[in-house]
Structures are given as structure tokens and as C-alpha cells.
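Trainee: Could you build all of it, start to finish, from the sequences and the hints given here?
Protein chains in written order, with my numbering: chain A, 21 to 121; chain B, 666 to 893.
Mixed in with the good hints, there may be bad ones.
To be verified - Just so you have them, the derived chain B footprint on chain A, three or more residues with Cβ under 8 angstroms:
#: 1; segment: 56-66
#: 2; segment: 76-83
#: 3; segment: 86-93
#: 4; segment: 114-120
Honestly, the hints are just simulated from the structure, not real lab data. Cβ atoms here follow ideal geometry from the backbone N, Cα and C, with glycine treated the same way.
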Amino acid sequence: MESISTIGDAIAAARPAYDELAIFAEDVEDEWSYINDLALAWADRMDAVADARGKEPAAAGVAEAVSALVAEAAAIDDPHRAIDWLSTFPQVLLVAIGEQP
Amino acid sequence: MRFQDASPDARAVVYAGIQADPLVARAAALLADATQTQRILARAVMNGMSTGPTVWQAMFPTLFGPDAPSDGDERGRSEALLAASIQVAERGEQIRSQVRGALVEALTELLIRRRAGSRGGPSAVRRERRILFDGVRAEIHPYDVTLEAPGAAEAIDCKWGARGINADVLHQLDDARTHAADEDEVLTASIVVFDAERSCRVRLERQTAPHDETRLITLETLDRLAGR
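Mentor: Right, here's the structure in full:
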């Protein structure tokens, strides 16, 4: 993982894991549309924070938080749980960087 | 409009054992006084893969990081919630799913009891109740929580995540509200979801079942149940 010194770095480091989570969740075919709408809605929120605060320095602990979050997402082995984490993941990321989800 | 205990079927008997689990009551009590970030912590841990505390402590720097309070009530609640959430996560997959559902119900009941003092008293808050209307066939599924206060009745369904929002639930809640109105009664229909509003709105956008008059309570707005 690239070093994280700003809010923008933190979001950029987390996004690939989120995208992977969405791809894995698509194994639940009945929820394909919901999964994509959900992922898009949260991606928009993360992008908006990156646009607004991307250059701000990341607070202490943020780099470790992103690393732990990415590892947790990668460990998810059930697509149904992945759907739930499409909502949980951005909430955890956003509170770690001092944002309301 | 009248309220009635649901007849316990086999599923309800098994689920009653989950609802009575002391871990459910303990976690609900902690969540009732928790901040939004602490509630997100609980949600993440209870649906996560890791059951070691250090992973979660790292993931929530505003609760456990170098700039977080090192002691005091808030830190104590964060530690206690983390421990309780890990206990839930350590249950088998099916059991922990049931525990999470029971937990949202218990939390909802607890928060509404805090508000109910001026509206019929705590005894007006009930679980697993049906609502009967003249000339209308009773719904099969009881409401998770009801507030049975004259003139200010509420019917509430509880969900762990946004994905739990479905047409059956929305129809049942809206039907109850409209049947009450037909009898000149006021019944507020609510769905409580232990998930972010953004996720719930995405889910609701895909639903054609009526829901404009159903109150949505999410992680961000749980305290409204208590009138805060």
C-alpha cells in the first residue's frame, strides 16, 4: 500500500479494496442492481470527500485504520457478507478520517 | 384497532431463546448510549471476519487511536462495545445473524421506552404483537416493537441492514397505517435499520411498495426513537 499522508491518500488507498468487494458481491446475482447502485452511491460520497478535503493531512492512526480496513475487506469470503460490507466499509473509512457517513 | 400477542410458532419459540440471551440485553444497553461511531464499530465487528480486538482498535482511530480519550466513560463504552460485539461475532454464522436481529429489536425497545414515559408509560412498549382491524385479515408476521399508547400508537419493524428492507415489510407497515386511518386512529409506521441512511435510501429507491408515509430510522437517527 502506498504511504498515506493526506485524506486523499487514505481514500485512494481504500478504493481498490472497495471495488474488489463490489465485484465479489456480484456473485449474488439477484442483487446485482442493488449492489451496483449501492457501490456507486458510496463511491460518490468518498469522491466528494476526496475533492473537498483531499489535501488535508491525515490524522494519527488513519494509515493504520485504512490498512486494517483493507485487510478485513479482503478476508471476506461470503458474497452476502460482502453486500453488507459495501455499506459498512465506507462508513468505517469516513469516520476514520473524521467525516460523517 | 387493537393489539394482540402473536401466537408463538416453532420459529418464534427458538427465536425467543435468542432474544433472551443476556448478551443481547447487554449489547443493546451499551448501544442505547453509544455515539454514531461506536454504533458503526459494533456493526462492523458483528459482521466482520476478525475476532481479535487489535484489528478493530486500529480501524477506529477516533475511538482507540493516539488522539482518542485514554479513559473516561466514552473510552469505557467503546471498550465494552468492542468486547460485546466480538462475542456476537464469535457465534456461528446462523446464530450471530439471529443475535444481530434480536439486538436491533432490543435496542429499539430500549430507546422507545425512554420516550414512552409521557405516552402510556413503559408498559405501552411491547414486542412481537399483531395489530387487528375490523374486517381485515390479521397479518401473519407480528410487528417487532409496538408502542400501544392511545392516540400515539406506533408499529415498528427492525432490520440489521438496508438489504432487509423489502416489499413485504413495506406493505405490511403501510397497510397497518392505512387501516388505522380507516378507523380514525393514528398509527405511526416505522422501519428501524441498523445501517447508514445512504444505504437505506438506495434500497428504498428500488422498492415500488408504498413507503412515503413510513418513517425511516437509521444509524444516524436512532436517538430520535428516544425523543432526543
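Trainee: Does the structure break any of the earlier hints, and which numbers would those be?
Mentor: none
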